[in-house]
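J.: Below, each chain spelled out in residue letters.
Number of protein chains: 2
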Amino acid sequence: MPLEYRNLDATTAYTGLKNIDAKAISLKKLLTPERIAAYSIPAGAGLTYNYATKKVSDQVLNALQRLADEQQLIGKFEDLYHGAIVNPGEKRMVLHHLLRGQLGKPVTYGTKDLGAFYAEQQQKIADFCAGVHKGKIKGSTGKRFKTVVQIGIGGSDLGPRALYLAVEQYARERGLLKMQARFISNVDPDDANGVLAGLDLATTLFILVSKSGTTQETLANEQLVRAKMIAAGLDANKHIVAVTSETSPLARSSAYVASFFIDDFIGGRYSSTSAVGGAILSLAFGPKVFEEILAGAHEADQLARNPNIRQNAALMDALIGVWERNFLLYPCTAILPYCQALLRFPAHLQQLDMESNGKSVNRDNQRLKYSTGPVVFGEPGTNGQHSFYQLLHQGTDIVPLQFIGFKEAQTAFDLDVEGSTSEKKLSANLTAQIAAFALGRENKDNPNKHFEGERPSCLLHGDQLTPKSLGALLAHFENKVMFQGFTWNINSFDQEGVQLGKILTKEVLAGTKDERLAAYAKLLGV
Amino acid sequence: MPLEYRNLDATTAYTGLKNIDAKAISLKKLLTPERIAAYSIPAGAGLTYNYATKKVSDQVLNALQRLADEQQLIGKFEDLYHGAIVNPGEKRMVLHHLLRGQLGKPVTYGTKDLGAFYAEQQQKIADFCAGVHKGKIKGSTGKRFKTVVQIGIGGSDLGPRALYLAVEQYARERGLLKMQARFISNVDPDDANGVLAGLDLATTLFILVSKSGTTQETLANEQLVRAKMIAAGLDANKHIVAVTSETSPLARSSAYVASFFIDDFIGGRYSSTSAVGGAILSLAFGPKVFEEILAGAHEADQLARNPNIRQNAALMDALIGVWERNFLLYPCTAILPYCQALLRFPAHLQQLDMESNGKSVNRDNQRLKYSTGPVVFGEPGTNGQHSFYQLLHQGTDIVPLQFIGFKEAQTAFDLDVEGSTSEKKLSANLTAQIAAFALGRENKDNPNKHFEGERPSCLLHGDQLTPKSLGALLAHFENKVMFQGFTWNINSFDQEGVQLGKILTKEVLAGTKDERLAAYAKLLGV
Numbered sequence: 409m410p411l412e413y414r415n416l417d418a419t420t421a422y423t424g425l426k427n428i429d430a431k432a433i434s435l436k437k438l439l440t441p442e443r444i445a446a447y448s449i450p451a452g453a454g455l456t457y458n459y460a461t462k463k464v465s466d467q468v469l470n471a472l473q474r475l476a477d478e479q480q481l482i483g484k485f486e487d488l489y490h491g492a493i494v495n496p497g498e499k500r501m502v503l504h505h506l507l508r509g510q511l512g513k514p515v516t517y518g519t520k521d522l523g524a525f526y527a528e529q530q531q532k533i534a535d536f537c538a539g540v541h542k543g544k545i546k547g548s549t550g551k552r553f554k555t556v557v558q559i560g561i562g563g564s565d566l567g568p569r570a571l572y573l574a575v576e577q578y579a580r581e582r583g584l585l586k587m588q589a590r591f592i593s594n595v596d597p598d599d600a601n602g603v604l605a606g607l608d609l610a611t612t613l614f615i616l617v618s619k620s621g622t623t624q625e626t627l628a629n630e631q632l633v634r635a636k637m638i639a640a641g642l643d644a645n646k647h648i649v650a651v652t653s654e655t656s657p658l659a660r661s662s663a664y665v666a667s668f669f670i671d672d673f674i675g676g677r678y679s680s681t682s683a684v685g686g687a688i689l690s691l692a693f694g695p696k697v698f699e700e701i702l703a704g705a706h707e708a709d710q711l712a713r714n715p716n717i718r719q720n721a722a723l724m725d726a727l728i729g730v731w732e733r734n735f736l737l738y739p740c741t742a743i744l745p746y747c748q749a750l751l752r753f754p755a756h757l758q759q760l761d762m763e764s765n766g767k768s769v770n771r772d773n774q775r776l777k778y779s780t781g782p783v784v785f786g787e788p789g790t791n792g793q794h795s796f797y798q799l800l801h802q803g804t805d806i807v808p809l810q811f812i813g814f815k816e817a818q819t820a821f822d823l824d825v826e827g828s829t830s831e832k833k834l835s836a837n838l839t840a841q842i843a844a845f846a847l848g849r850e851n852k853d854n855p856n857k858h859f860e861g862e863r864p865s866c867l868l869h870g871d872q873l874t875p876k877s878l879g880a881l882l883a884h885f886e887n888k889v890m891f892q893g894f895t896w897n898i899n900s901f902d903q904e905g906v907q908l909g910k911i912l913t914k915e916v917l918a919g920t921k922d923e924r925l926a927a928y929a930k931l932l933g934v
Numbered sequence: 409m410p411l412e413y414r415n416l417d418a419t420t421a422y423t424g425l426k427n428i429d430a431k432a433i434s435l436k437k438l439l440t441p442e443r444i445a446a447y448s449i450p451a452g453a454g455l456t457y458n459y460a461t462k463k464v465s466d467q468v469l470n471a472l473q474r475l476a477d478e479q480q481l482i483g484k485f486e487d488l489y490h491g492a493i494v495n496p497g498e499k500r501m502v503l504h505h506l507l508r509g510q511l512g513k514p515v516t517y518g519t520k521d522l523g524a525f526y527a528e529q530q531q532k533i534a535d536f537c538a539g540v541h542k543g544k545i546k547g548s549t550g551k552r553f554k555t556v557v558q559i560g561i562g563g564s565d566l567g568p569r570a571l572y573l574a575v576e577q578y579a580r581e582r583g584l585l586k587m588q589a590r591f592i593s594n595v596d597p598d599d600a601n602g603v604l605a606g607l608d609l610a611t612t613l614f615i616l617v618s619k620s621g622t623t624q625e626t627l628a629n630e631q632l633v634r635a636k637m638i639a640a641g642l643d644a645n646k647h648i649v650a651v652t653s654e655t656s657p658l659a660r661s662s663a664y665v666a667s668f669f670i671d672d673f674i675g676g677r678y679s680s681t682s683a684v685g686g687a688i689l690s691l692a693f694g695p696k697v698f699e700e701i702l703a704g705a706h707e708a709d710q711l712a713r714n715p716n717i718r719q720n721a722a723l724m725d726a727l728i729g730v731w732e733r734n735f736l737l738y739p740c741t742a743i744l745p746y747c748q749a750l751l752r753f754p755a756h757l758q759q760l761d762m763e764s765n766g767k768s769v770n771r772d773n774q775r776l777k778y779s780t781g782p783v784v785f786g787e788p789g790t791n792g793q794h795s796f797y798q799l800l801h802q803g804t805d806i807v808p809l810q811f812i813g814f815k816e817a818q819t820a821f822d823l824d825v826e827g828s829t830s831e832k833k834l835s836a837n838l839t840a841q842i843a844a845f846a847l848g849r850e851n852k853d854n855p856n857k858h859f860e861g862e863r864p865s866c867l868l869h870g871d872q873l874t875p876k877s878l879g880a881l882l883a884h885f886e887n888k889v890m891f892q893g894f895t896w897n898i899n900s901f902d903q904e905g906v907q908l909g910k911i912l913t914k915e916v917l918a919g920t921k922d923e924r925l926a927a928y929a930k931l932l933g934v
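First to last, the sequence lines map onto chains A and B.
Sequential numbering of the first sequence, starting at 409, is according to the numbering used here.
Sequential numbering of the second sequence, starting at 409, is according to the numbering used here.
Looking at chain A on its own, in the form it has when it is part of the complex:
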């Protein structure tokens, strides 16, 4: 069937969903052990998506299935991984799925087989890592590299950083932590100066990440790093590798020990499983750990091809998100991992979601009359319980919650304190929160101690956060965001909203003639 692109509010399913009496859906009435067992979908690599505490009834789910069918979400995903131009604004294919496995037919650009190209880059990285880890590739004073520092911003920072932190203790515990990683992103010189203050530069390898090779912040930070290395008597060219596109000014320059390539079909926020994440994660943990992340992501990608929403976790999650955004009218979503290793995963998902779907025009550049992507924020639990959960429980707005939890910690050391280990306490807290939000608790005497309940959440759970389950977790959200973009009929793969700031920054640095800009520039000491 040929693909058709239509706005959400032009679908029949939209009208059907509008006509559902959402207020009649009560979690207090609906939630049973049977529902908890039934409202559960495998999400890859041992993860399970449970949506029993979402405000959905069978009627809603059936309508969402019709919406998925009508908007041809699976067909559009197929189109994407077969190499169609699904980023119409930039006239580009979108191929991050191909980084972790072949979902459809081979994708070529001209005569270039892109799957082979990505695999080749990964192999180059693995070979380079072997050289570094065995001490064959060393710093300019002959010392082995012990630390690796990524210089990059946005997608070149948030995803790789979140994944590094998610695996660091896991790897240390298992003797797999080959190099400590650090990250420099902000153009504020305090960022680079702070990171560099704690390092022995002679044993530090830097990874400069910029697809275009022109990112202002990244190039400024490169120069700060080079100046510090020169001052320390080091040959900077022997301490930096580049991750960039083949056509960038950084590619194959003698200023870098090596260059690893990405291309225009890997968007920044979708690049964690490319060389952008691959170089630093492979250096830190070894290429095999990175391969496990890819394998987990590929498993989730394969599951995302199922047209039955009740069997496709990412698709179900996406559609429930649309239900919450456009029919229940909730403006935000919180990401709440009960897993300290995921401490920066919410910041990555914030970019992934808000940069992809924070759009006001459809893929044909027509203004939309309905809401698109929500505000996404979050912190790990139990920390958040002692912070912003007050508003989540008793505030005047309802915020849908995305919980993430595991049976086992990544590290083995734990103690029984007052009858339970820390890990059991963590899981018990998560259990309690899911119930508290859904079911509330009445207090007729004191409205200040009354919990209304009916606050929706869902849960992604598994046995342990491993590189493989982490990969599946990452891909789950990438695919969720993609399906939502298709449903809203927007282009989730461009980011024109960041351009005006870049243009005006240049104007300000060149000495603007706009008196208003000049006034602010003066206040800020430009």
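Just so you know, not all the hints are guaranteed correct.
Identical chains blur together in the list; that is why a pair holds if it fits in one copy or across any two.
Said to hold, decoys possible - Result set (DSBU-like, lysine-lysine): computed pairs, CA atoms no more than 30 Å apart in a straight line:
| id | residue 1 | residue 2 |
| --- | --- | --- |
| 1 | Lys777 | Lys431 |
| 2 | Lys551 | Lys832 |
| 3 | Lys777 | Lys815 |
| 4 | Lys914 | Lys544 |
| 5 | Lys554 | Lys636 |
| 6 | Lys436 | Lys914 |
| 7 | Lys437 | Lys857 |
| 8 | Lys586 | Lys554 |
| 9 | Lys910 | Lys431 |
Hints listed in this document are in silico derivations from the structure and should not be mistaken for laboratory results.
Just so we're clear, the structure is a prediction, and the values are computed from it rather than from any experiment.
Given chain A, put chain B in place with the hints provided.
T.: Relative to chain A, chain B alone:
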């Protein structure tokens, strides 16, 4: 005049504000260099609050002044610092202002002068720090302490951590970094295990922070730390100090090297300027740096007593927030510091704001019909520009923005790259963003490249983030949140919304009979 408590929607000013045609207020029309100069208020310690890019007209400001007068906001603040019971639910005074200086008459509890009590605790901390820094107080194997680790959660973690990070590079650059600090908060054992993996326990001093002495997470982490110390052959009792209340089980126990006290009148999220922040910040940077933070906070507190909203930065910020929340109907606020040192300051403000004002009942426990505290989130710029700013610029919802910026970095090393230093680039980017959000840029040919503008922001700016300006920044937001609470007629100082989770956690750990809780507990391995 006696104080009266009435709901926001029961005021005359409310009706006046409702009747203003907000859509007629256009930043594109209003923003001029004159407005930028005029809409500016000193915020203490060299900070300035600029609200020229807020969607307010003189008509709005006059109505907000009437609202401030009618709700007796300054009178209620006076009542607070004179020691009235302004936390009615818990029947407590609210005295964090007293930690940094006397604003009103002496406050006593029974015969105890509380100002003197807080000063005494600060002096005890200073004396203890002198002992540690001079090497008179050492670890159990006779080694000097080099690292200090705070064990605490929520207010015992977020504020102190944000402040530590905000001063770390400043102090290092100036030779004031006496001890490196680390933080353990989450009950997830991976948190403690990860922090401890990088430490030499023989030279590490821990600060256990729990007002009640019963915080589940903190006590569990204490036992993990003690077990590790015992395994390393150390006497744990010589490596931990306690920050707690005088009546807590931790107070004056021989299990701790020393105890520093807080009391019930210092709420967790308002405790950064008490011993909760004071112990770790004084150990890390010396007591004088902590005193500067207090001095800056006191300056901001003094300015917050001015009844003229055009001369009271915190009050103006609070009232504009109410205008945005209840009349422009914006559900979120983003905190965007262009200052890497403030990387965790948004997480602290998220707690401060959402835990204080995420309430649905008024101070008399009556259900409210209007919105209270917004969702608060944020990350440092320029990082955020490469992440969620897409939605801020072109999403379907409008998010008010709180920018923070400084003329100078905290560290001196910087380079001119392509005509400007990194610090100038940072300030130029901030300048550009303020203008881009307010003014937008038309693109008739391509709606995808069109920027509507009219997206409001405000700017807190100063010469440099120093301990003193940091103190003022902290107090600005504490006072803003307090004034908003008074305006909404809610109790900003309790947090009943966190209680149900604690109760249910105990039920789960005890083996719940509720089949739904049991089902989730099983999924999560409790």
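J.: State for each hint whether it applies.
T.: Checked hints:
1. Lys777 x Lys431: The answer is both: 23 Å in one copy and 18 Å across copies each meet 30 Å.
2. Lys551 x Lys832: For lysine 551 and lysine 832, neither the intra-copy (44 Å) nor the inter-copy (36 Å) Cα distance is at most 30 Å.
3. Lys777 x Lys815: neither (43 Å within a copy, 41 Å between copies)
4. Lys914 x Lys544: neither (43 Å within a copy, 55 Å between copies)
5. Lys554 x Lys636: Answer is both; intra-copy 18 Å and inter-copy 26 Å each pass.
6. Lys436 x Lys914: Intra 55 Å, inter 21 Å, cutoff 30 Å: inter-copy only.
7. Lys437 x Lys857: within (21 Å within a copy, 47 Å between copies)
8. Lys586 x Lys554: both (8 Å within a copy, 26 Å between copies)
9. Lys910 x Lys431: between (45 Å within a copy, 28 Å between copies)
When each numbered hint is compared with the structure, violations occur for hints 2, 3 and 4.
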